[in-house]
Amino acid sequence: MAQYEKILLNNMEQPGYTGSLPDYERAGGYQALRTVLKDMQPDQVIEVVKKSGLRGRGGAGFPTGVKWGFIPKDHPGPIYLCCNADESEPGTFKDRQLMERDPHQMLEGMAITCFAIGAQTSYIYIRGEFRLGAKILERAIQEASTAGYLGDNVLGSGLTINIFVHQGAGAYICGEETALLESLEGKRGLPRFKPPFPATHGLYQKPTVVNNVETMANIPHIINRGGEWFASIGSPPKSCGTRVFCLSGHVKRPGNYEVPMGIPFRELIYDLGGGMRSDKPLKAFIPGGASAPFLTPEHLDVKMDFESVALAGSMLGSGGVTVMEEGTNMVWATLRLTEFFYHESCGKCTPCREGTSWLVQTLQRIWGKRGRPEDIGVLEELCGNIAGRTVCAFGEALVGPILSTIKHWRHEYEALIQEAQGTRPAGKELLVFTH
Amino acid sequence: MATTNETQTDLVTLTIDGKSARVPKGTLVIEAARQVGVMIPHFCYHPKLSPDANCRMCLVEIEKIPRLQTSCSTPVTEGMVVKSANSDQVQAARKSVLDFILANHPLDCPVCDQGGRCDLQDFSHEYTATTSRFIELKRVFQKEYFSPVIETQMNRCVQCLRCVRYCDQVMDVKALAPVGRGTLTEIKSFGAHELDCEFCGGCIQICPVGAITSRLSMYEFRPWMLKRTDSICGYCGDGCQITFQTKNNDLIEVNSTHGAGRNNGDLCARGYFGYHVSVHPDRLTSPLIRENDDFQPVQWEEALELVARRLSEIKATHGPDAIGGLITGRCTNEDVYVFQKFMRGVIGTNHIDSSVRYGHLNGVRALQRVQGTHQWTVSFEDILAADVLLLVGTNVTETNPISGLKVKEAVKRRGAQLMTIEALEPAIGAISNIVNLSRHHFGVKPDAYAAAILGILKAVLDQQAVDPEIRTKASDYFNDIAAQLEAISWSVIEGETGITASAYKEAAETFAKGQKVVILAGPGVLRTSGGFGMMMNLLDLLLITGKLTKRGCGLAPLAEENNDQGTFEMGGVGDVLPGGKPSRDGEARKALSQAWGCPVPDSAGASLPQMIEAARKGQLKALYIVGENPLGSLPPSSGIQEALEKLEFLVCQELFLTETAKNAHVVLPACSYAEKDGTVTNTEGHLQAVRRAIDPVGESRPDWEVFSALSVLMDNSMEYVDVKEIGKEIHNLLPGTRTLGPGPLPSKPDPSAIARYVSSEYKQDLGSRYRMTSCAPSPSDQMTLMISQSLFHSGKFSLKAKGLMQLESEGKLYLHPDEAARRGLGDGDRVKVLNRLGEMSTTVSLRERIPHGMAVFPEHFDQEMRRLLPYAVDPETQVPYYRLTEVRIEKVTAS
Amino acid sequence: MIFDTLQQQVEEILARYPVKRSAILPLLNMAQEQEGYVSESAMREIAKILDLTPPQVFETVTFYTMFHLKPIGKFHLQVCKSLMCALVGSDDVVGWIQKKLGIATGQTTPDNTFTLSVVECLGSCGTGPMMQVNDDYYEQLSEEKVGRILDDLKRDGICSLKTGPFMYPQPLAK
Ligand SMILES: Cc1cc2nc3c(=O)[nH]c(=O)nc-3n(C[C@H](O)[C@H](O)[C@H](O)COP(=O)(O)O)c2cc1C
Ligand code: SF4
Ligand code: FES
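Chains as they are written, first to last, in my numbering: chain W, 1 to 435; chain E, 1 to 895; chain H, 1 to 174.
Pulled out of the complex, with its shape left as it was, chain W reads as follows (with noise of 0.2 Å):
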């Protein structure tokens, strides 16, 4: 088995390694920002981040540097940066170990990023079920305020850095960026359209960076060990370092496995997840989370990076890849997502909010056998009318389930349907909604 350099996970590998500001220090922790204050104005960190190729590990895979370049130069302030860590979507579990296991790697990079940026204020967005995650957050930030790594006069600098632990209520659709923002400023977590974007527009409409957790940590290494070093793990020029992929589903060892991006799924899947469950083959994955299209077999060969994974037809997104066997039925898989979709639309705009619970209830009835011939051309034409008429990208998200499904297993709708046709006629069914 190949083995690879861990950079994120490396620390919380180590016996013993607890994750407290002492252990972070003895590995190392604070150099980068040390060095940032005393050697670089913010223009060379932009220029650094943006020679390392880092893109952002949130779903989107913006290049991180260039977004920060964004951020209008001699701007009166302030200026926000938001750290987001809502970490909701389903097969993404990688932001609450780097949290829980190595807080201050994140705050590092998020006080190196404030530098860079100029801002003075900034707010870690935590889902509101990670209730300990948020917990080892707020003590990490008072050591390192001790410390001087935080607070006012960060290391006699004179600068101001202060971080704020800010914890949300259940609402997945928070994870986007500009709804993470209005439930930021105390609102409904409805997206923003855009323009304006947060860069000039963001938090209380003042420029705003957003980045995810697994992002900022990856900043204090590539200050420490330069653009070039970091550009040339994984497959550049486009998908540079490592990425936490979170592997679940039926594979003997799920959890998180930081790799260089580039290798193939094969390999996550069967050498570090050992393989299948079960004896049965593999039948389908997810490769970047929820909102990514399934994958089939034949793919378990593409490469693991942002490119090879969009030829493929799907995303990488948030790193989540999951392992369905054969036997898994795929129409009760894309219903399961659905059903996560539907619960999860704030109902801003129409066909994302009455997208949803169409498709559900189609689904629904498909599953239970009620579904009709011409119902898989509804949920195709629906998908058709959602994607891309949305206000955000959830939209796209929640049809990449069913188009794929239906791509690739359309035998399986028209199977239950067949039934449907069989035994009873179309009908009703009673929705239970679970908001």
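Hints were generated in silico from the structure; no laboratory data involved.
Just so you know, even glycine gets a beta-carbon here, dropped at the ideal spot from N, CA and C.
Mixed in with the good hints there might be a few duds.
Here are the simulated DSBU-like pairs of lysine-lysine, each with C-alpha atoms no more than 35 Å apart in a straight line [to be verified]:
#1 E:K832 - H:K48
#2 H:K74 - W:K187
#3 W:K407 - E:K138
#4 H:K70 - H:K145
#5 H:K154 - W:K135
#6 E:K64 - W:K303
#7 H:K20 - W:K135
#8 W:K135 - H:K74
#9 W:K187 - E:K724
#10 W:K6 - H:K162
#11 W:K187 - H:K145
#12 W:K407 - E:K64
#13 H:K48 - W:K187
#14 W:K280 - H:K99
#15 E:K227 - E:K724
#16 E:K412 - W:K206
#17 W:K194 - E:K412
#18 H:K48 - E:K505
#19 W:K194 - E:K227
#20 W:K252 - H:K99
#21 H:K100 - W:K280
#22 W:K369 - E:K143
#23 W:K6 - H:K145
#24 H:K70 - W:K187
#25 W:K280 - H:K145
#26 E:K646 - E:K832
#27 W:K50 - E:K64
#28 W:K238 - E:K412
#29 E:K763 - E:K590
#30 W:K194 - H:K48
Covered, in the sense of this in silico footprint (three residues per stretch, anywhere, with C-beta under 8 Å from a C-beta of chain E), are these stretches of chain W [to be verified]:
#31 338-347
#32 350-362
#33 387-394
Cβ-to-Cβ under 7 Å is the rule here; a few derived chain E residues that face chain W [stated by the list, open to error]:
#34 A53
#35 C55
#36 R67
#37 S73
#38 S96
#39 F100
#40 R133
Starting from the known structure of chain W, arrange chains E and H with the ligands on it as the hints suggest.
Chains E and H with the ligands only, in chain W's frame:
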């Protein structure tokens, strides 16, 4: 103002469906399209609201942009090529949006009051196939009671959130909550509570479908059965344009269209829900003549002959000045004009007064004296454009709700700085509270407004924030004022108002820096003791800071009744002739008598307080009261009861048998605002047309017709075919007066008047208005009772509007919760309110905006409350004051 | 009034934000911690603290699924039912709990100890099936484990099977 040059470079050219448009930079595509006649369907967009782009109906194709874009949120750019109707992709997208919306829509159009004027119906008709493939279950919301006048039917909701955004962005009320998430989101108030808000009706008006409707007209009509009549609201001085919707001569509803009138389609509860006053069953339907203690209905001829005969007799025996007239500022300009012409020309007296006397007169008199014009020198547009707004004693939302909206827009959307001198405390409540938006709030007791104004003036001088020209060119004026202010110490001002000198200084700085400064004065100034002096001092403030003559700056007294301003201009005040010239002015009188062909009396007209005095002394023998109810408005301490009893002859021309009319010898039924034509002039001085929407109720007649008929009977015929003819006469008589038009042309201060003022006239009362009148602190068991206007009522008139009565049917004593707690009182407790003049009992209601030590009672209710009010008359303007008193409050324990 | 005794915490929270309204979720969390649910009076209090109208607080509360508008059981069992957990048996977990407690999803035991909900993904997909009980996660559930958790919680109010800080897979000893 942008110069022409700038304007041109700021234009952008684009093409929409092949049509070329040139629009200002920043225009939204949807608006640009509208300008070239391309209507883009939409639900969530509304020009009044910030775009939300949630409905996705307005998608268009824009060249070079891969995805469809929402035209409601996309600003135009140079050379943009937009396709709407011309794009198949767009048409398909719109179809699909409708498909989605209809999926959960109940399609109960046959029983929906919006049916026939519903955007969803119209777009469906245009875009969708009649059958949907949707066979799933529709979402169904539990029906909950929403409010007495507003009904929601959430199954019809398209979740565009226009109502919610309107309530927040325009009204600043925030009473509507989108509750839940996703497709189960519904509009509610708070929990399962019924709606508690300003009831402006805006949510009903702005809902594109039938999800929010009026209960007052529920199931009473189909829109195509309604006849529309554009008119002007009869309640307050803001003069909102309304549209009466009538069916078979019955008033069904009132609404107002976006873009219409000075109100731009916004209304308040009075305008939206108050229209039933015209069709109340208590309306007088025939003339009445007193026989012993009873009234007998009679024919018009008989009543008119009696009136003509008695007036002629009294005139013959006691002279014309034994007769007086009083008319309401709710009448049209034409009514008032003919009335005063009748009084002056036929009776031969200047004893004419009107509701202008209750306060607005303080405003126009002060304007006249300092700037030589009796009109605002600003307009609503200037309020919107102001960078500094000072509100003094306005309680603007409740007295002049639409002026209030302009202030809100200026502050919330355009960044104006608001300063307020108001008794109200900042606190959020069901009714918006303008002081919440205030940058410099002076929360002073209502009897200390004058002191607060002096504080600002003093701070302006301390800060040297003075116009250098005034200082040099009018040094006497300036130095005299400076000397007066010098004599008042900061500690006294701080003591009287409870506001620190530094707060005054900050405010003075803001004020002086303002480029466009508008001061609004409301009943707290106009109807409060010393009101005229306060108005004068506010004008001094403008003068000293060099703003009085600056464009976009000015002092704007808020008129209470819908035609107070017009009533003054038409000569509805005895010592003022039509056009505003004093009746002592020989030239003006001569011109008038030439035009009228009869002499115009030169006596000084008596004011209402003077007429009351004269009647009590037996000098005034007859009173002709038109639409006024002094017995209902004035406190007993004014002597009004005795005065009316002493009269030999009292004629009341009225809609209802009011307290006053019950004392009359003859009662003549008049038409309400819904039944007559004419014009009214709003607080800004804008002339607007009132139009007849329904036939006169019973035998009622427009007021002017009655005066005209009497004139014929009294052998001095003033006959008119219709109001247009009266209008023409007014116009010929007063060339250059206002004409109907889209907006007012604010008058300009007259430099010669200002010169006169600063050279000598200021001296007249300088000493009295630059003196601190100490308001003695009340003993701790006492509190200050203020009567004030409620948002849901207007005078006593609105008590006949069933919608408004559903919203507020009784007067309550409003107290701050802490103040109540201190006195062992809770919400709903019965209390006795008493002072040396009398007592009354009422119910306590808690409101956080009421300052400690104060109680507020709405002036519309309960004769008993008036007993407690002392009465004083302004020596300069004869305005009667009776808004404030000291009382004790005792809990009534149920026995 | 629930915030009367929490003045200092409220001040601390308010100090984190330049705009008061941002404190709404933290304050609602506090309120729910105090009372077990978000009461109307709590919403009114929060409205007052933040210069909002009660409807503004209400609309926010109802957007987020973690807030309850009515009291629930002492322990809120939230079983994740999203696809990843479903693949590894979350429906069974729901069944075990239902059987053991005799309640259906959405119900509370008669002694007000447990309320059972099924929820969407809680971010522990690799260690499913799982549930959250109040603040704590319990992962890799089996019928036996679920039984112990419920027993412990009922008896002791705590259970040592709760998980975290999270790391999975655990590194192999080198
Ligand atoms: C529906 C939706 C949900 C999202 N959820 C998350 C999330 O839970 N965590 C996250 O980091 N990004 C999430 N994102 C992506 C964010 O919008 C944003 O792109 C990201 O936080 C940017 O950070 P990055 O550039 O570091 O990836 C979501 C996006 C969408 C459209
Ligand atoms: S796409 Fe869905 S989640 Fe995104 S704004 Fe629209 S309704 Fe909300
Ligand atoms: S009008 Fe543009 S999205 Fe609704």
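Is it true that the CA of W:K6 sits at most 35 Å from the CA of H:K162?
holds (28 Å)
Does E:K724 lie within 35 Å of W:K187 when you go C-alpha to C-alpha?
Violated. W:K187 to E:K724 sits at ~55 Å, over the 35 Å cutoff.
Hint consistency between H:K154 and W:K135 [alpha-carbon to alpha-carbon, up to 35 Å]
holds (25 Å)
Next pair to validate is E:K412 with W:K206; report whether the Cα-Cα distance is within 35 Å.
holds (18 Å)
Does E:R133 meet its interface restraint, that is, does its C-beta lie within less than 7 Å of any C-beta in chain W?
Check passed: Cβ of E:R133 comes within 5 Å of chain W, closer than 7 Å.
Compare the distance between the alpha carbons of H:K20 and W:K135 with 35 Å, and conclude whether the hinted pair is satisfied.
Distance of about 23 Å is within 35 Å: holds.
Against the 35 Å threshold, does the CA-CA distance of W:K194 and E:K227 hold or violate the hint?
violated (43 Å)
Restraint check for W:K6 with H:K145, where alpha carbons must lie at most 35 Å apart
holds (33 Å)
For a C-alpha distance cap of 35 Å, please report whether H:K48 and E:K505 respect it.
holds (30 Å)
Does W:K303 sit within 35 Å of E:K64, going by the straight-line distance between their CA atoms?
Holds, at about 33 Å.
Regarding the pair H:K48 and W:K187, is the alpha-carbon distance no greater than 35 Å?
holds (16 Å)
Can you confirm whether chain E covers the stretch 338-347 of chain W, using C-beta to C-beta distances below 8 Å and requiring at least three such residues?
holds (count 6)
Checked against the numbered hints given earlier, this structure breaks hints 9, 11, 19 and 28; the rest are met.
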